[in-house]
Each structure stands twice: as C-alpha cells, then as structure tokens.
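Just so you know, the sequences run in chain order A and B.
Each residue of the first sequence is one higher than the one before, counting from -1 in the numbering used here.
Each residue of the second sequence is one higher than the one before, counting from -1 in the numbering used here.
Accuracy of the hints is not assured; some may be wrong.
All copies of an identical chain are treated as equivalent in the list; a pair is satisfied when it fits inside any one copy or across any two copies.
What the hints assert, rightly or not - With a straight-line cut-off of 25 Å between C-alpha atoms, the simulated SDA-like cross-links for lysine to any residue are:
| no. | residue 1 | residue 2 |
| --- | --- | --- |
| 1 | Lys299 | Arg22 |
| 2 | Lys47 | Gly175 |
| 3 | Lys299 | Ala365 |
| 4 | Lys299 | Arg145 |
| 5 | Lys399 | Gln375 |
| 6 | Lys299 | Gly32 |
| 7 | Lys299 | Thr11 |
| 8 | Lys399 | Asp381 |
| 9 | Lys399 | Val257 |
| 10 | Lys299 | Met28 |
| 11 | Lys299 | Asp63 |
| 12 | Lys299 | Gly34 |
| 13 | Lys299 | Ala287 |
| 14 | Lys299 | Glu26 |
| 15 | Lys420 | Asn288 |
| 16 | Lys299 | Ile418 |
| 17 | Lys299 | Glu25 |
| 18 | Lys47 | Gly97 |
Note that these hints are calculated values from the structure, not bench results.
One-letter residues, chain by chain:
Number of protein chains: 2
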Amino acid sequence: MTPIRIALIGTGTVGGGLLRVLARNQEEIMRRAGRGIVVARIGARDVVKARRAVGPVSGPDLPIDDDLHAVATDPSIEIVVELIGGIVDARRLVLAAIGAGKHVVTANKALLALHGNEIFAAAQARGVMVAFEAAVAGGIPIIKALREGLTANRVEWIAGIINGTSNFILSSMRDSGASFASALAEAQALGYAESDPTFDIEGTDAAHKLSILSAIAFGIPMQFERAYTEGISQLTADDIRYAEELGYRIKLLGISRRVEVGESNEEGRAVGIELRVHPTLIPARRLLANVEGVMNAILVKGDAVGPTLYYGAGAGAEPTASAVVADLVDVTRLHTADPEHRVPHLAFQPDALSSTPILPIAEVRTAYYLRLRVADQPGVLADITRILADGGISIGAMLQKEPEAGTSATDIIMLTHGTIEKRVDAAIVRIEALATALSAVTRIRVEDLA
Amino acid sequence: MTPIRIALIGTGTVGGGLLRVLARNQEEIMRRAGRGIVVARIGARDVVKARRAVGPVSGPDLPIDDDLHAVATDPSIEIVVELIGGIVDARRLVLAAIGAGKHVVTANKALLALHGNEIFAAAQARGVMVAFEAAVAGGIPIIKALREGLTANRVEWIAGIINGTSNFILSSMRDSGASFASALAEAQALGYAESDPTFDIEGTDAAHKLSILSAIAFGIPMQFERAYTEGISQLTADDIRYAEELGYRIKLLGISRRVEVGESNEEGRAVGIELRVHPTLIPARRLLANVEGVMNAILVKGDAVGPTLYYGAGAGAEPTASAVVADLVDVTRLHTADPEHRVPHLAFQPDALSSTPILPIAEVRTAYYLRLRVADQPGVLADITRILADGGISIGAMLQKEPEAGTSATDIIMLTHGTIEKRVDAAIVRIEALATALSAVTRIRVEDLA
C-alpha cells in the first residue's frame, strides 16, 4: 500500500521532533500501522530557517512553502499536522484544511480550548477527524485513556499536574528552599520556562489543557472561559515549608469534578462541574505529590475503575512528537472508514454532549490552608477561631510558631475541613479586619485525592 | 440503532461486576459508544448459582444456559465475553466462538499467555477481533496505551507491578516488619490471596501478563514458556529492612527489555529480549517503589516519549469490568469495519512479527543485592571481595553489621554494579564454598529504572 501523505505546518521544536521520530522509527511504525507515513510537504513562515531546521533529517528535496494555506489544502495531502502554534493563523489553517476534506492532527491546546467547539463541529460536518493527543500532557496517552480506555466509567474527577514549568519551579522551591523568583530564574536558565513565563506560571496553559480533559471526561463542550485560574507566582518558600511540616506538598493542579449541588427534586440533585487550576496542598504520600521536575501526571477517578494515574513527559520535542505520531497512526487506520467507526472527538457522540453548568469558584467545596501573621498576644487565636466557627468552618490541623527572637509577631497556619469557598472568603475578610492581624491571609486549597 | 448483543460466559466476580457496570452506566456508555450494549444471554456451568448471582441485576428473564458451546456460537450474538477462567474449556469456547464468526472479549491472561498465538491466528483468519484489555493490570488501560498510544516508539523496556497479591504482601512486610508467612496470612484473611496462593506468589500470574505485554511492546509472539519466573516466598523481613537501609524497596516486577547482545557484525549487533519476573530492589524514590497494597503500575520506556507510567487497580470486580467494557465499546465501533481499520491484536501487523529470541536468564545483565552470613573473623571480607573481583564483578555499596551480642556471626550485604548473571552465579558458588560462609548467598536483582 502506498504511504499516506501528510503535510507538516510548523518546523519548531515539535515539528523537528516529529521529523526525527518518523525518520528514525519508520520501520517500527510501519510494522504497527501497516502503512508508511510520509511527510510530503512542509509549510513554514520562514522557508530559509525551516530548510536549515529540517534539512539534516529530510534532505534537500522536501518541498517547503510559506503559502501555508496552499499547504493546508493541497489536494495530494491526506492529513495536515498543525504545529505552528498561536491562535489566529492556526484556526484559519485548521478550518481551511477541514474545509478541503483533510484530517487534522494538532498539538495546539490554546486553539482547541478557545475554538475547539467550532473546529470539532466543522470536522463533524465534513466527516474528517481532528486528533489532538499531543495537546495535553505531551507524550502521555491521556486523551486515548480517557476517551477510549475508561468508556465504562462515570468519571468522578480528574486532577492533574499538566504544566511542567510550574511543577519544575515548585519542585525546585521545595528541594532548595528557594524563592519563587530564583526558582523561576533557574527554570529559565535551563530552558524550562520562557522569557515571558506568564502563561505557564499563572495557570493559563494548565487551564487550556484542563478544559480539553474535562470536555472528554464529562461529555461537555470546551468551556475555557469559565475555568477558574490561579497561578503559583504568589507562593512563598514559607508556605512550601509549612505544607511539608503538615505532611503535604504544594502542586499546581488542574481539577475538574462532577458534583451534586443544591436541593434534590424528583430528578435527583442538580449536577455541576468544577473547572479550576490553582496551587493545591496534597498529602505527601500520594503518587501525584511525588511527581517531580518537568514531568506531568493525571489522576482520574472513575466509578468503576477507581483511581488511575498516567505519568510521563508533558513537553519536549520527541515526547510531544510521540503523541502526534500516535494520532497519525490512528487517523491512517480509520481515514477511509465510515465516521461511525471512529471515536467521537470529545469521547461522547456529538448529539450526546450535555449542558452541565460549570460551578463558579465561590460555590466549590474544598479544604483550605490559611496562613497569616498575627501579633503574639492573648486572645488572637480565640478571635480567629470564633470567626471561623461563626462561618461554620471547622479546623482540622493548626500550626503556631514561636515568635522569632526580638519580634512579637508570629505565623498561624490552619487547615480547615471541607467548606464552601464563599464562606471562607467571608471569614477571611473578617479575620483581616482584626487589629491583631498583621498580614493578609494566604489561602491555598487542599485536596485529599483519596 | 439496535443495541449490540453480547453473550457472557462466566458469572463469577468479574462477570457480576460487568453486569453491574453495564446496568449502572448504560446511559454514559451509550453516549460514548453511540449504540447500546446488551447482555442477551449468559452461559454458566451452574445455572442455579448463576441465576442467584445475576438475578438482582439482570432480572429473571435473561436466559442462562449451561450448554456453553451453544452460548458461544449463538447466531443471534455478535460478541462473546469469556470470563469463565481456566484454560481447557476457555480455549475450546473461544475458538468455537471465533469459528462461528463472533468477536471475543476475554480477561483470561493464562489462556492468552499459553494459547494466544493460536487464538489470534484463528481470529485473524476468520476476520474477527479478540480484545483483552482486562487480561493485564485490571482496569488500567495499559494494552491500549502500549498498542496505540505509543506507536511512535521503539519500546526499550517495560517494568511492572502486575500482581496485586504479591505487592500487598511486600507492602505489608515493609510496613509492619512481618514475615512472609504472616503477611500472606493477612492477605488471605482480607481476600487478597487465594487459599492456594502459588500462582500469585511464585510469579506465574505476573509472567502470564508479562508475556502479553512483551508481545505487544516488541512485536514478538507470546513466549510464556521462555519467561524466567521467581516468586517472593523466599524473601525475609531482613532483606526488606536491609534494602530500605540502602535506599531501596523490594517489588515483584515483570521486566522485559530489548537488548543488544554479542558481537557486532555488518547488520549491527544481535538483539535479544529479556523476559523475567522476580523480586527486584528499586530506588525508594521511584514512583514505582511507592505503589502500595494491591495496586498495579507499569513503567514503559519508549525511545521518543521517555518513561511513562500507568497506575491503577489491577484486579477486582468493577476495575476489571471497566476494561471489559472498554473492549466492548471498541469492538462495537469496529465490528462492521474492514479488518484493515482495526488495530492488530498484538500491536504489530501479523506479517510483521519478529522472531527476536528471548534471552536466557544466565545471559541477562543487571545489578545484584547479595547477602550472606559469615563468621566474624579477619580476612572474610578480603576472601569474598577477591572472588567477586576475579569474576569481574564490582561492588557499588556494602553494609556490614556488628555481630549481635554473644554471637560471632554477622550479615554482609553487597550491591554490585551491572554484570552478567552467570558470572554472579559462578561467584556465588565459590563464596558459598568458603569455610567462613555460614549461609547460602541470598541474591536479589537490582534495577535502577532511570
């Protein structure tokens, strides 16, 4: 059988990795797919630069073009691989490829989080596939696991370390006691963080990926705009140390959970979906707490299977290319099959997506780590615990430090039991108004993940 | 579309779990599969017992038959789910179902390890699918991950905790310092070990699963009969404690690795596959070392993706049923598709399986933990280290204990660097012949898994 012809758009890190993996493992891939996969042409904004990048792997004869639209709609091409990144051009190219009847493989999480609903609808209407294993957690086959491996399950929740940059920074802060700023500088020096690291450290990248995962897990449309997002840039070395003392580690987690909310009626209780990215204390003995450096891991709780965890490299040229090739093989197998033989893009049949609402963060129930600096004088703790009790918030653990020599101020750290976030917010306002409160309250969510 | 009709043969733990999961999550499964999945008839050796077991879930009208062959070949049935266990009857029924043009889903690892090559060839010839996600590591979608998620990769090795019973016993020995016998008794009391636990504790069950995994990872036929198998029944509380002191944990691992062996010639060096199940020291900080109790986890090293790990429940009614349902949905999607659209049973196209030989254990290169009891007198250590040096075996770490009060004997523990097993065997013979050696040498393999 003749090899399937693909067009690669974008020859950056992942594009280069893809060419290398396809070249190096072509025999292994062919033995599995039963058909060769050939990059027949390349689209790149800067042809000279692209030639320099891919030449050593692909040789001088592979056509490289800066007319990206022509590449995306080339009649001789069966699959378009979009690795150009960004949103506006990527969206236009992917929709053009779909319109021309091409299958699409993409690693672009921002594109899917923002325009996935439109893109999947277009693909559905045109009868083509859009595959995106590489968009979440790099080389870990988490899309396949959630979409096909766990079909028996009502997914209860997912919790994932899905941004390697922030996990590296948090690991490094814990290992060395470094501040956020110096751990970030280290990550930048090592190439794990970009010069503008905002997307990674403020949780946006993780929220993109979480939006995709929650759509697949719960059969809902992509709803990135409703995700709650809080990054790690405000975390201090003290918080990380105190968390350790209490038996916890702090990880930037993407959490999505199906919860029953409100009163029951005849149809049972209403259901909402939590969709939130934030620093989270988790028990130090959990496997997820021991995922270090730039690695990713996603914990999925299904009602039949219980907890399952998927771990691996969440970024990097060849790990991401590994996911792109897995998609290419899947598409190669099924591109001539009837659409009914294919797995739906978002795991659920397009007519079976549900409109379950995303829960506002104020309505989320979780536990909290609260830290504040107080004057070391009688009655302080009584005032604080009274405010919490008034709010119906109960305390599970507490840590109070001796004042350092020469000061009369100290840190109080509390772990609450599960409570609704708006109650904690209200209590924090009252605590911060106390005359003995010398700092704002640091509030970090706590999850048991049992 | 009318629901797909399946026959369930066997109504034990997993069969019961399957009926419960299909009943409870039918809407969720239908939303994904686009088609209902209905158990249309049941085969069981003891109809009265089966009726009692399934009645509460399936109602009194579901036909239950003890003519298993008739159930397996029923013309109205599209998929046969074999959950009866055992080898002889299961093989006959699965081959009969295939002969009658049915697709088969099975959780039977022993059947596949012993007769998989025959069964897959029959299925191939008849154009039907045999799906077996539930045969390895229960609910963890490891078959799908290896077969489809990592298609880009040349797999370098896999190392897995794939027997929950032995992992429970080892966790319990470590936590409580218990002996093997008392940890086994505890596992039996909790229902985690059978009254005859031989298959689990002696590594046979793990070797069945490893044979399946290695076939998929390396594109080789099932070769259970060539697997090296050593169980955990000889491990002592001392070994577990000494391993901890050295920064290691002992796990029963199934390890399969592709290695270059022998001299290079024009076609490069010859390749062999290691296929071995045995207690293994691994560094305590590895995620795999922190997989506790009855949980399973498989670490896979691919050349592109690097290490990935898959964790979850390796047994139990609903976790295993979760994998069976995932297979049912896959088969439901693809049963009317051309065979070329389907994923090959063993990941590689049937005509692309390789004949890479399994390496005898004597030729395997790994590191070793060696423990022996010696007389506490001058020159003992010199004699032992001389024997090791003569064998070309170098020592990475050593632990020698003070003799206990009133004795003149002590334990010496050594960790070697990587060496060929037959050299270690030869050295052990010489060490045990020393007059100062007061015990046989305990030898446990050590893997870094970096």
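Outcome of the hint check:
1. Lys299 x Arg22: So Lys299 and Arg22 pass the 25 Å test across copies only (16 Å; inside, 37 Å).
2. Lys47 x Gly175: Neither way: Lys47 and Gly175 sit 41 Å apart in one copy and 62 Å across, limit 25 Å.
3. Lys299 x Ala365: within (19 Å within a copy, 37 Å between copies)
4. Lys299 x Arg145: both (14 Å within a copy, 23 Å between copies)
5. Lys399 x Gln375: within (13 Å within a copy, 53 Å between copies)
6. Lys299 x Gly32: This pair counts as between: shortest inter-copy Cα distance 23 Å, intra-copy 35 Å.
7. Lys299 x Thr11: Classified as between: cross-chain Cα gap 21 Å, same-chain 33 Å, threshold 25 Å.
8. Lys399 x Asp381: within (17 Å within a copy, 56 Å between copies)
9. Lys399 x Val257: So Lys399 and Val257 fail the 25 Å test inside a copy (37 Å) and across (56 Å) alike.
10. Lys299 x Met28: between (35 Å within a copy, 20 Å between copies)
11. Lys299 x Asp63: Result: close neither inside a copy nor across copies, 46 Å intra and 36 Å inter.
12. Lys299 x Gly34: Answer is between; shortest inter-copy Cα gap is 24 Å, intra-copy 37 Å.
13. Lys299 x Ala287: both (16 Å within a copy, 22 Å between copies)
14. Lys299 x Glu26: For Lys299 and Glu26, only the inter-copy Cα distance (15 Å) is at most 25 Å; the intra-copy one is 34 Å.
15. Lys420 x Asn288: neither (31 Å within a copy, 37 Å between copies)
16. Lys299 x Ile418: within (22 Å within a copy, 43 Å between copies)
17. Lys299 x Glu25: between (37 Å within a copy, 18 Å between copies)
18. Lys47 x Gly97: Result: close neither inside a copy nor across copies, 29 Å intra and 58 Å inter.
The structure does not agree with the numbered hints 2, 9, 11, 15, 18 stated previously, though it agrees with the rest.
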